[in-house]
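Colleague: Using the sequences provided together with the hints, build the complete structure.
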Amino acid sequence: MTTRSETQTTLDHLLTEIEHRNPAQPEFHQAAHEVLETLAPVVAARPEYAEPGLIERLVEPERQVIFRVPWQDDQGRVRVNRGFRVEFNSALGPYKGGLRFHPSVNLGVIKFLGFEQIFKNALTGLGIGGGKGGSDFDPHGRSDAEVMRFCQSFMTELYRHIGEHTDVPAGDIGVGGREIGYLFGQYRRITNRWEAGVLTGKGQGWGGSLIRPEATGYGNVLFAAAMLRERGEDLEGQTAVVSGSGNVAIYTIEKLTALGANAVTCSDSSGYVVDEKGIDLDLLKQIKEVERGRVDAYAERRGASARFVPGGRVWDVPADLALPSATQNELDENDAATLIRNGVKAVSEGANMPTTPEAVHLLQQAGVAFGPGKAANAGGVAVSALEMAQNHARTSWTAARVEEELADIMTSIHTTCHETAERYDAPGDYVTGANIAGFERVADAMLAQGVI
Numbered sequence: 001m002t003t004r005s006e007t008q009t010t011l012d013h014l015l016t017e018i019e020h021r022n023p024a025q026p027e028f029h030q031a032a033h034e035v036l037e038t039l040a041p042v043v044a045a046r047p048e049y050a051e052p053g054l055i056e057r058l059v060e061p062e063r064q065v066i067f068r069v070p071w072q073d074d075q076g077r078v079r080v081n082r083g084f085r086v087e088f089n090s091a092l093g094p095y096k097g098g099l100r101f102h103p104s105v106n107l108g109v110i111k112f113l114g115f116e117q118i119f120k121n122a123l124t125g126l127g128i129g130g131g132k133g134g135s136d137f138d139p140h141g142r143s144d145a146e147v148m149r150f151c152q153s154f155m156t157e158l159y160r161h162i163g164e165h166t167d168v169p170a171g172d173i174g175v176g177g178r179e180i181g182y183l184f185g186q187y188r189r190i191t192n193r194w195e196a197g198v199l200t201g202k203g204q205g206w207g208g209s210l211i212r213p214e215a216t217g218y219g220n221v222l223f224a225a226a227m228l229r230e231r232g233e234d235l236e237g238q239t240a241v242v243s244g245s246g247n248v249a250i251y252t253i254e255k256l257t258a259l260g261a262n263a264v265t266c267s268d269s270s271g272y273v274v275d276e277k278g279i280d281l282d283l284l285k286q287i288k289e290v291e292r293g294r295v296d297a298y299a300e301r302r303g304a305s306a307r308f309v310p311g312g313r314v315w316d317v318p319a320d321l322a323l324p325s326a327t328q329n330e331l332d333e334n335d336a337a338t339l340i341r342n343g344v345k346a347v348s349e350g351a352n353m354p355t356t357p358e359a360v361h362l363l364q365q366a367g368v369a370f371g372p373g374k375a376a377n378a379g380g381v382a383v384s385a386l387e388m389a390q391n392h393a394r395t396s397w398t399a400a401r402v403e404e405e406l407a408d409i410m411t412s413i414h415t416t417c418h419e420t421a422e423r424y425d426a427p428g429d430y431v432t433g434a435n436i437a438g439f440e441r442v443a444d445a446m447l448a449q450g451v452i
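Residue numbers for the sequence shown follow my numbering, beginning at 1 and rising by one.
These are calculated hints, taken from the structure and not from any lab test.
It is possible that some hints are incorrect.
Taking lysine to any residue pairs in the SDA-like style, the calculated list, with each CA pair at most 20 Å apart, reads [unchecked claim]:
(1) LYS277 - ALA337
(2) LYS285 - ASP320
(3) LYS345 - ASP320
(4) LYS345 - GLN365
(5) LYS345 - THR257
(6) LYS345 - LYS285
(7) LYS285 - ARG302
Keep in mind that this is a model prediction, so the values were computed, not measured.
Modeller: What follows is the structure, encoded as structure tokens:
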């Protein structure tokens, strides 16, 4: 049996090779480092995982698709964007992961998201593989007609790569119910099939699931609550800072409020709002979901309890809990130090990899409970898989049933991560627990299925 140090040396060599083979993809490098740096104990303890080629196959996508997306704006000008779909690993089931429409999207970002998705989906226990996709198209400020034309062009290429038993996309940043509707309509038009299970996040009247819009935010709060319970506390009376003001942030705030916590912030690229009375959800939803406005409008209309800080850092606001719910690497080492000084008890990631590695290390050193995104924000993909199940049976579950299933799944994920960390001598380290637990499930399936 190899020692942990020998195994870590081997993994370090592999990380160097990953950087060499995937140049100019820092987000993917970061995600690979975050996982592989925690695997030495399990690979050393289980020799079958050291089988030549296993981890090398795990870090190489099964398929990467890049395509041109031409579309016409309202002035008749032809625009050209890039589309991506990275089908990373299907050992546990069909590829599953969202589509992101944002100017920052490139192959490295999609590969980082797809790699994270492998382990996140494995932790749900629902038999779904990992994938991700999107485009550098920015829907912000575009008319409905422009978004429709873009989505139709995007799906005209993507349709040949997806299917309910192959690859099932969903929404992500920039892709909500409007975009999913246009994408599904074009898929149906091209294929002449009502294949409801090919996309998740659909409207409730045509194959969507109740609680799907809320699932990521709700699930993250449930995971944070489980971490607090492990320490003998609960959410009642705790103050929370939440970043973002999109779907994940809104429903994170909603669930925090329902469980007795006081969520006092939200943000967007223009800055953040702090509301000492607690965020008024009705007002925030009106501004962000109906008017598609900016958070400064919230402060203007809320009154004396709220103030807008242009370009500020939401993490400067003292709180018991921090729930980053916007985008990757939004919480850095300086932010972590500020949170620690202000007495933060737990940080739970609603977004994908929103905390930098240096910040994670600092928080863990300070004894802050830290819930990594692949565990804490798995509620969204979990309910997507439940939507697939409903589509397959041509039925619709009640909101109460879906929410009960979601709570059970998030509790199970927390238990799995906690117990796995203890099993590998890392008590309380949810990063190690999540990475090893997800890896074990995927690696066992890959070994059973042979070298493919």
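Colleague: Against which earlier hints does the structure fall short, listed by number upward?
Modeller: 1, 2 and 6
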